[in-house]
Every structure is written in structure tokens, then in C-alpha cells.
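Residue numbers (the working numbering), protein chains in the order written: chain A, 453 to 622; chain B, 453 to 622; chain C, 113 to 607; chain D, 113 to 607.
For the record, the hints were derived by calculation from the structure and aren't laboratory data. Watch out, some of these pointers could steer you wrong.
Computed list of lysine to any residue pairs in SDA-like fashion (alpha-carbon distance at most 20 Å, straight line) [claimed, not checked]:
| hint | chain 1 | residue 1 | chain 2 | residue 2 |
| --- | --- | --- | --- | --- |
| 1 | D | K570 | B | G615 |
| 2 | D | K535 | C | T158 |
| 3 | D | K568 | B | E620 |
| 4 | A | K489 | D | Y149 |
| 5 | C | K564 | A | K505 |
| 6 | A | K594 | C | T158 |
| 7 | B | K607 | D | A167 |
| 8 | A | K505 | D | G164 |
| 9 | D | K535 | D | S491 |
| 10 | B | K489 | C | K564 |
| 11 | D | K567 | B | K576 |
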Amino acid sequence: MNYKIQDIEKSFDGKIVENLGNNDYIIKINDNEHNLKIITMNSNGIEFVLDNKYHKAKYIEQSTNEMNIVIDNVPITLNLHTHFDEVVYKNSGGGGTGDAQLALKSQIPGKVVSISISEGDSIKKGDIVCTLESMKMQVAIKSHKDGVVKTIKVKEAATVAKGDVVAEIE
Amino acid sequence: MNYKIQDIEKSFDGKIVENLGNNDYIIKINDNEHNLKIITMNSNGIEFVLDNKYHKAKYIEQSTNEMNIVIDNVPITLNLHTHFDEVVYKNSGGGGTGDAQLALKSQIPGKVVSISISEGDSIKKGDIVCTLESMKMQVAIKSHKDGVVKTIKVKEAATVAKGDVVAEIE
Amino acid sequence: MIEKVLIANRGEIALRVIRTCKALGIKTVAVYSDEDYNSMHVKQATEAYHIGEAAPAKSYLNQDKILEVMLKSGTDAVHPGYGFLSENDDFANLCEKNKIIFIGPTAESMNLCGDKMKCKAAMLKAEVPTVPGSPGLVKDAGDAEKIANEIGYPVMLKSVYGGGGRGIRIVTNDKELRDGFESVTGESIAAVGKSAILVEKYLEKTRHIEYQFARDTHGNTVHIFERECSIQRRNQKLIEQTPSPIVDEETRARVGKSVCRAADAVGYTNLGTAEFLRADNGDFYFIEINARLQVEHPITEFVSGLDLVKLQLDIANGEPIPFKQSDLKMNGYAIECRINAEDTFLDFAPSTGPVPDVIIPAGPGVRCDTYLYPGCTVSPFYDSLMAKLVTWGQTFEESRTRMLAALNDFYIQGVETSIPLYKTILNSDEYKNGDLSTDFLKRYGMIDRLTKDLKKEKEEKSEAALAAAIIHSEYFKNRIQNSTVNNSNWKYKLD
Amino acid sequence: MIEKVLIANRGEIALRVIRTCKALGIKTVAVYSDEDYNSMHVKQATEAYHIGEAAPAKSYLNQDKILEVMLKSGTDAVHPGYGFLSENDDFANLCEKNKIIFIGPTAESMNLCGDKMKCKAAMLKAEVPTVPGSPGLVKDAGDAEKIANEIGYPVMLKSVYGGGGRGIRIVTNDKELRDGFESVTGESIAAVGKSAILVEKYLEKTRHIEYQFARDTHGNTVHIFERECSIQRRNQKLIEQTPSPIVDEETRARVGKSVCRAADAVGYTNLGTAEFLRADNGDFYFIEINARLQVEHPITEFVSGLDLVKLQLDIANGEPIPFKQSDLKMNGYAIECRINAEDTFLDFAPSTGPVPDVIIPAGPGVRCDTYLYPGCTVSPFYDSLMAKLVTWGQTFEESRTRMLAALNDFYIQGVETSIPLYKTILNSDEYKNGDLSTDFLKRYGMIDRLTKDLKKEKEEKSEAALAAAIIHSEYFKNRIQNSTVNNSNWKYKLD
């Protein structure tokens, strides 16, 4: 499979060369072979020794072509080039980011203190959509693009989780 | 239900008086009512607040009329007087302890270093049956009664877990 | 003698107080909100009482409910921790009335500390230097100019009705002052319909240096050295250390004496902290007294050998402080990093939620005060301080490198933390050289450096990340061949 | 300069060494057996290499394999920890030959320390008092009687072929000696076909007191105070403390000087410990030198402020010890409890298995060195030391009460531990009064007292236990009504 790591200007080819049994594997990244021993593994994460170095990874989220993991406390996003479409459900919400994206998501969890817009309003990128309170702080959620407010998905005093859609902007 | 606690010269009556919902209960021990709030619970253990004191219990083993728990790090054996026979499997091995008991169990885990008896031998209470090694120490497993060795259940160099039957003495 | 203490707080500080009480054989009473029924302070206290809903106003700030628990549980003293009711003189009063010892200053002294104008007046009388400026409001531009020339430019014109940077002007000469006076007055009238202006010396590149002090009911006062807390974000301390790299023996003793005068001046009892701004020219200016145990008290404990909570209890029991100023010797160097649940790159926005796994660092010279345990939750209802990581060393370098090693060991799954930022800061030459100031993060572009450090870290971890991804894909493929997959959340179906 | 250290050990001591290396920026190489692939030292080291099967002979004692890893990984020094290869002069030799720094004394000095007869002779020459007795074997009963009269009765007759209490006789006068000599000779010949007898002064109510010392390659020697380790079971230390309650300044300095002579006499380099018996009359007798870092080194770290592993690395790098004897000041009091996986009531038999949950105590003055984490396993292949709980206080009482609180907080699910015994000991008047001796447990019937304490604890917990049982029964009843029960292991079917 072919991988790219976000923020890093390289792409990688990676595959398992051999399963040696007893949780030992030989894997190949680009042209180099590596020894890998799985210590523990489940669907949430893996602990392994790669070429005599211990690593601990947590699998956060996977979509058709993107995978978020935290390895040794370092969050890394991998882009995958593969064909899992038939089985993998794309669970990252809308389609892509940027101007095309309808959904405005909250990057923090919190309680809605106030909502600054109404459905049908024309708004600019950076306009405050609503204000959340969390840990005694007030944080403004701002529009990610110019557009018209299609729907507001939250109510005052409601609790919002990280990643929840706050509003849809067309 | 009626309970007795090993090593304590009292017997207790205990029951749930009311389930108040939200994990709150009123229970009655002898003549006194107590408030109990379950914090977490599964089949292995429970954390709860009893009359405003926090406790953590682990359920170790239960048979028809005996229950072993560790509460706040204190191991306690309760004798139950109830009629669960139809559903509860008595998983404590043989029947009772003392002279009637056939099975000699190891109280420690370890590796069998040597076996000192043969099947058919007549032995006395306290005679060494086998020697285990664990954590660099050698520990002798001694017969719990006078009798004849019916079967030896372990082999040299085998690993024995705590509670495993080492031999049967008739 | 205090025999049972209610801790009107939660989180790491509740645990900190419980710990000393346990060692002294004093019973503890925890209180908890709906959000905290599974929190560590509930589990560690002798008794625990539910006091209400998650919102602080309905639980940890609910004085009536807390009083009810104190009376019901037979508590003879209350420790307020920091935050919540710790500097609330009404609560101190309520305790006094109900004959429950409030572990802290009297309501009267607390009130005096909390009133900035009255407190400043008391300091002037006690010859404790405050930031030079007008003693109160200035009458007009002429008055302001007179004062500006006395204290020297640059000065700051401040409308008392301003706030958040509005109604403030820094001026460097008489002309700018006269123009500035007019516009600040105008802004203030436009905004709130009235104007009232203060003049204060404007200080650049200041350090935040504070002194721990203690004063008993017999009038004995000691200071327990300084702490430098210059590394801040949004006026909140991130990293504290003691000794300060720019405080020598002579300065320590000199400023320390003024701290004792300050404590005497407000009739303080129990432990408190006098906060100072330290100007780049070396002058110290008193800002305020924090009338409670501070978050950063462990660094003082490390270098003094004292248990400050025990000292609080002794003083609350009416005992004299069991040592003299001359008995106190500073031993080694200590650093504290406040491990916050926050996202450095989202302007330090809160990060909350379940924490399935934690590894807490330990070892020689390492102390970690925390409420975290595997399976706990970081609540959005309370502040973001999850842990205080504190290290000690015989030298500053030893305490710094121990901190770095401990930061590397600290594993908190599930929430964003300030740990990566602290690694960048502790590795910087500016930090190593003690070149600290309250604008340290901005002055030295620490967030940008962190971005670079994280990119480097990503590069270092890229092979391991790929390995994890490769194994995951393989595992996934094998599993889906053997089971029915519910596509909507396959992730949870694998095990 | 050492840049990469292999730790030829496992468990808490491997972690301890890794910690200091991390703080100093030194890379670490862990080695692990089949049993340890999921152990914390594998996770914390920079690199980790598998070296063989669980049995120590096939892994941690496998010199060839460890050498192979050292060469492959580019290690320039090896830290042996304690146990395993730490006092193996062949291994020290092997390292020397392969130009890998062995962090400890030279093979030659180690050999001298390990040979009791040669070491005793070196001590006599250096005027370090050893237990009075015959310099070697005695010729006959007459010779024995002569020596007995020189050193004074009671004396002990010891067959060098005895062991485990056999072939030993305590005699109090000439007549008993002559009778005893005959029977010991007879017993020894009967048992092993030959006899060889030593005479040694018999000491009652002895204390085990040892001195930490350091000696660099330039010949500088310092002692770093004493540790009292009298509380033992089967000659294994359970609780250690410093300072010893019966060592005053004058004694500390006097015996300390003899410790430095002892280190010089055997040409020691690096850190070592000189063990003494302290007779009830106050005399100190040298027993042996432990040529390695000791389990109980953290209490010395607490009162000296030193990082002893760092000191080991400095000395191994050929640096002079960076302080003088006169620079060392003892600060406060420290206690260590060895948290063993053992069942006090089964004569301290091992207790092993999975540890699903652990709560490790922390707080001011508390340090816990441990390999435990939730989900780890206590292996039957290695020794029973799971954790070292160490507390410090300004006073002995503070360190003692902190230890009691920390012992109460320590939660280890799944195995039996020595924690309850330590609570009984630390609460006893004899311990509080410092009335210690190597037979402390028997002398004061501590196991019986523990039984009583546990019974009391059971009584206190009986209502809570009942509550847990009642809820369990209810829960169980509800569940079995709703599901098919596999009677054979219903316990695991409930969730």
C-alpha cells in the first residue's frame, strides 16, 4: 500500500513481507526491511517493538483514504492509497475540508452559551457562529467560509462534543 | 439472607430494602438501614459509597454457601445461608476441607522441582509430597492428612498454579 | 485540635490536602458534584458527601450545602484549596459564625487583601513598594503630567472602567500624555458614560516573582523564599521555579523582609503569597496577596523541606510557627509544570473527555500531584489543571533534565495536553539561561518553535507510524474476512 | 564519555537506571526474556533486545548473549543493577576485555570483596573491626578454648561444612566449649565425612547497619552515611531507614572513617556498601562489602540529595567524585519498605500472577520505584520485589506517618503483598522507639500482632463486605433470570 504522512514531504510504500509466527513479522517500508514484534494489539491500539524500539500506537479514526493515529504520544495523519471502499465506512463526517464543506464542526467540547446567527443569515468567513463554555473559558466558534446559514444544529445550553456539527453553511 | 463472616463471632441478616434508582439503594443489615450508592460494578467487582464511605470490593470466588471477596484490600470470607443450589455451581474444587477432602492443592504457584511420593504410598499428615520453586525459593507442599496416595497430578518440571490439585490422598 | 477536615474542593488539590491529613491521622470529608462521583478525592477521603449538580454554583460554590455537610459530619475545620470558595470572605465568615475553623486568614484580613485600593494603601504605609503611580484617581491632565514626571516616562494611563486592553494608553512624554489623556477620557465616556483615570509606571519585560509567607495567630511572620512564575499564557502561570535565576541571597532577604511587613500590615494569618512584578532594572513592586494555598506550593516544599499543608493546620490550631526565619535554608532547585488539558494550537482551548490510559512519571526528585487514573474523565465543568509535575535537583540543570525526562514519560491518552509545549520551552536556550519574562511565549516565538519540534518528532516517528498502519490494515483485512462487518462502526467490531 | 548504557537487569532497578540515563541524555538498551516482553523496562528504554527464555540462566545470566547485544547495539557501558550478574567477576572481566565499561568495581576488586577470608584479612590490616574470633580454622579444642578466652564467652562454634543452622553450637564456658567441640566435630563428620571448625564471638540482639560509600579511580573515598536494615525475614531486608536511631554524629563519623579505609583496602572503585553487625553494646563489626548498587539506595538519595546512579556514571567515566566528605550533610529522615509479592502467613511464600489493577502512592516526600502497572504480571521466575516504597520527612515521625499513609494508599490487585505486615510494624511502639534488631519480627511477635490487626480490620470492614455481598447476590439474581447460565463458570458470564 502507498502512504503519505501529513506535513511530511515524502511518500512511503509499505507492506508485510512475512508473518514469522509468535507475533513476529517482517515488514518492508520503501526499500528497507524491518523486524516487528507485536506485544499487545486490539482494535483501539497496538504496542510493538520495531527494530528493537518499543512503540505504542492508538488508532483514532479511519476513513477510506485517511487514518489518524497517535504514536508514542505524537498524533500523525496518514493518507492511504488503497481500495477499501467496498468495506470501509467513511466516518469523518462530510466530504473534505475547506470551502466545499457544508458542516461547521466544533473543535472543542463545551456548553453553548450563545448563538450569534440565525438560519438564512449571510455570513463571512471568521464571523462568530456561537460561543461555547468549557473549563471556565468562553470560546467562539467561527465560520469556516463565506456563505448562507442553512441550518443551526445546536441550541443554547446544549452540550457539544468535539467534532459535533454546529451549523451548516452553504 | 443470612451471613456469617469467617473469624468473626457474629451473624448478620442482610437484604436490599429499596432500589431508589440512579444506582442508589437502601439496604438493611440486622436492624440498621444504610444508604448505598454504586459507583461502578461488573462481575469482578464493585465500587460503592456506603453511608458516605467509599469502598472497593473484588469478588474472588463463590460457591453455594461461601463467598470470597477482597474489600478495601482486606480479604474476607462470607458464609451464606441461602438456597441457590439449583443455579450456582460449586466451583471450589472438592467438598469441604480437612480430613474428608481428597484433593491436596498447592497454595502457591511454581515449578515442580521434585516429587517425593509415589502412587499407592501410605503417608502421614505433614509429609512432603513435592517441592515447588518460585521466585528463587523452594517450597515444600505437605500432605493435609494421613492416607494413601491415590493419584499424583503433577510432573517434574511442570508449572503449577495456585489452587491446582497436586495429588489426591485417600 | 483539628480532628476532621472537610475539603471544599476537588481534583488534585483535594487529594493533596487529604494526603497530609492522612499522614497526621486527621479524618477527611470530601464533597462531590454529580460530575465527580467517580473522582479520586471521593475514593481517598474518610467520608464523602454528594453536594449537587456539576455546575460549580450548584455544588462547590454552594455555601449552604457545604455548611450542612460540615455540621452533619462533625467537621471541625474546612480547607478551601484554591479557587472556588478559597478567597470568599462571606464563606470564611459563615465558618467563623458556625465555629468551624476556616484554614486560611480571617474574613476581615481576606477582605482587606481582596480590596486593591485598601491593600495598596496598607502597603504604602508598611513601606512595601507598589508600582509607582497616582495614589488614586487623577483630577486632570495637569495632575497626570505632574505624576508622570515624578515617576518618569513611559507611563500608562488607565481608565478604571476599562478592561481587556480598552481604555489603556502607554505614553512616553508630556505631549503624548496630554493627547492620550483626552482620548482615554473620550473612549471611557463613550463606552460607559463616565471616566476616571489612574497613572501607573509602564514596565517592560517584567518577571512575575512571588513569595510564600506564613503568619501565625501570635504575630510571628516568616517568608519561605520566592518562586518565579514568569512563564504564562493569558496571565495564567504555566511553569514555576524556585529559586528565581535572578534572585540572590541579598535580594531574597531584602524583599523577604518587605513580604513579612506586608503580611503584618493586613493582619494576615495562615499561609499566603505576596505577588510582585520585578522590573528589568531589578526593582520589585508588590501587586497583591493571594490569600490561600497556591497551585505551585510544591516547589517551595521541595526546597524548604516543609509540608505546607501541615503548617497550615498547625497555624489553624493556634500553634506558633515551629521554626524561625533563620532556621529556613533553601536546598536545591525545583520546577513545576502545570499539566493542563488544553490544545496549544487552538489558543489553549480546553480539551476534555475520558482518559482511558495514563502513565504517571515517578523516580528520584519527581513528584506528580494529580487526580488522573486510568479510566477517569477530564470534566468540562472545572478548570483544566490535570496534574502538577514537579521535579527537584541539586542543581538547576538536574531539576530541568529530570523534568524533561518526566515530561517524556508522562502519557495521557484521550485529551490534548500542554506537555509538548513544555518540552519545547525547557529545551530552549532562553529558558536554560533564565531569560524569563511574562511575555516569554510571544517574545521568543515558542508556539512556532513547538510547531517545528512537532514536525521533527513526526518525521522521527513516521516509520513507526507506518508500521502501526500496516499491521492495522492486515489485522483488519483478516478480521473482515471472518466476520460480518457492521460498516458504520467497524472499528469497534474488531475485538 | 558514556553515551549508551545497557542495563543487564529487569524490574524496578532497570527502570531506576533508565530514569537517570534519560535525565542525562544517555541512551539506554534494555534486554528481556520471554517472560518480560511486556515489561515496563522494555517500554522505557531507547532500545530493547530479546535475550532468551524466562529462566535467568538462559537470559539475564547469559553473558555471551548479553555481550552480543552490547556489541550489536554499540553500547559503551553496562549497568548490572543488583542480583543477576552484578557481583560476577567473570562478567566484569568479559566487559573489560571487550572494552565495555562495567559500572562497578574492577573484576579484581570484586573478587577480593567476594572472598570472605581474603576480605577479612584485608580488613584486619586496615584496622576495620570484624567479628572477633579465630583468624581461620582452629586446630583443636585447646586452640578453640584459648581463642574463646581471648574474645570472651559466649562464643559460637561453626563447622565450615555446616549450613542452615546445622553444625553450630553456642557455648558459654570452657566446659561447654569442650563438649560442644566434640559434638560439632561428630555431627560434621557424620554429615559430610570431614570437620573444620571456626570460633566466633556470639552476638545477641544485633542490628544490621550498613554504609554507602563511593570511591573514584583517583583514589578519593567518601562515605554517604549509614542505613539501618535490621528488620528482616530469613536474612532478607524488609524495611530500611536512615539515619539509624542509634547512630549519633560522632559514631557516624568514626565508623564512616573505617568504611573509607575498607574501600581503600580492597582497591574499590564506584559505589559500594559496607555491611556491619552492630552489637548491643555499641560495637560495630564489619561483615562484608556489597559490590553493587543496593536495593535500598533511595533512602540515601533522599537524605543526601544525591542521584547515586549519576554518581556511578560519573565515576565510571573516570571523573573525580564532585564533592568532599565535608560537603555532605544529612537532611531529614527516610524509610524504605520493600513491597514483596509474598504471603506473610505462608512463611513468606511467593505469590505470583496477573495484576489487573494498581494504585501507586505519591505525594510530598513519597517515592515509589516499581515495575507495576495495571495489567502487568508478577512472574514466578524472578524475585519477589515488586516495588520500593520510600518516604522522607523532616523528622522521623513525619517519614513514618507518611509511610503509613502511603502503605494505606497502595493498592495491588491479584497477589499477596507484605503491605499489611509493614503497617503492623510501623504502628508498633518498638519500631517507633527505634528498638530494632535482626530478630525483630520474632522477638516482638509481629506475625501474631498482624493476625490481630487483620482480625480487627475484618471487623471494621464487615458491614461493607456484607453490603458488597448483598448487592452481588441481587445483581446475580437479576442476571440469571435474563440469560442462559453456564453453571461451570458463571462468574465470567455475568457481563
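For a quick check of understanding: which of the numbered hints are violated here, in increasing order? 1, 3, 5, 6, 9, 10 and 11
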